[in-house]
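Asker: If you're matching positions, the sequence shown starts at 1 in full-length UniProt numbering and goes up one per residue.
It is possible that some hints are incorrect.
Simulated DEER-style distance windows between Cβ atoms [stated by the list, open to error]:
#1 V72 / E4: 18 to 28 Å
#2 F11 / G65: 15 to 25 Å
#3 P52 / R8: 19 to 29 Å
#4 K38 / D2: 13 to 23 Å
#5 H80 / G29: 15 to 25 Å
#6 D84 / N53: 31 to 41 Å
#7 E4 / L85: 12 to 22 Å
Because the hints were derived from the structure by calculation, they are not lab data. In this text, all values refer to a predicted model and were calculated from it rather than measured experimentally. Think of the CB as a built atom: it goes at the ideal place given N, C-alpha and C, for glycine as much as any other residue.
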Amino acid sequence: GDVEVRFRPSFFPFTEPSAEVDISCIFCGGEGCRVCSKTGWLEVLGCGIVDPNVFKAVGYENVSGYAFGLGVERFAMLIHRIGDLRSLFEGDTRLLEQFR
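Please take these sequences and the hints and turn them into a complete structure.
Answerer: Below you can see the structure in the form of C-alpha cells.
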C-alpha cells in the first residue's frame, strides 16, 4: 500500500531548529502496533541547522551547517520487515543466515 510521509518539528540539543521525518508504519498500516509504539509512525530521519555553539566549541566561528541522520538500521528493518530493531544489535547469527 501507500506509505505516508510527515515532516514535523522536533528537538535535538545540537541543532536549532530541528525536525524529523516519519513514515506511516509498514507493519500495521498506521493503525498502531508494537513496532511503532502504537503511534502509527516510524521515525526515519532527524535533521536541523547545527547550533553555532557546537562549531564554536571546536574552534570554528562564522560558519553554519546542516546535520541529518538517516537511521540506516531503520531502513534495513523496513526493507527486510524485521519487527524488532533490537534484533539487529543482539548478535544472533540466525538473523544474518536468512540473508545468504
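Asker: State for each hint whether it applies.
Answerer: Results of checking the hints against the structure:
{"no.": "1", "hint": "V72 / E4: 18 to 28 Å", "verdict": "holds, 21 Å"}
{"no.": "2", "hint": "F11 / G65: 15 to 25 Å", "verdict": "holds, 18 Å"}
{"no.": "3", "hint": "P52 / R8: 19 to 29 Å", "verdict": "holds, 24 Å"}
{"no.": "4", "hint": "K38 / D2: 13 to 23 Å", "verdict": "holds, 21 Å"}
{"no.": "5", "hint": "H80 / G29: 15 to 25 Å", "verdict": "holds, 18 Å"}
{"no.": "6", "hint": "D84 / N53: 31 to 41 Å", "verdict": "holds, 37 Å"}
{"no.": "7", "hint": "E4 / L85: 12 to 22 Å", "verdict": "holds, 20 Å"}
Every hint from the earlier list agrees with this structure, and none is contradicted.
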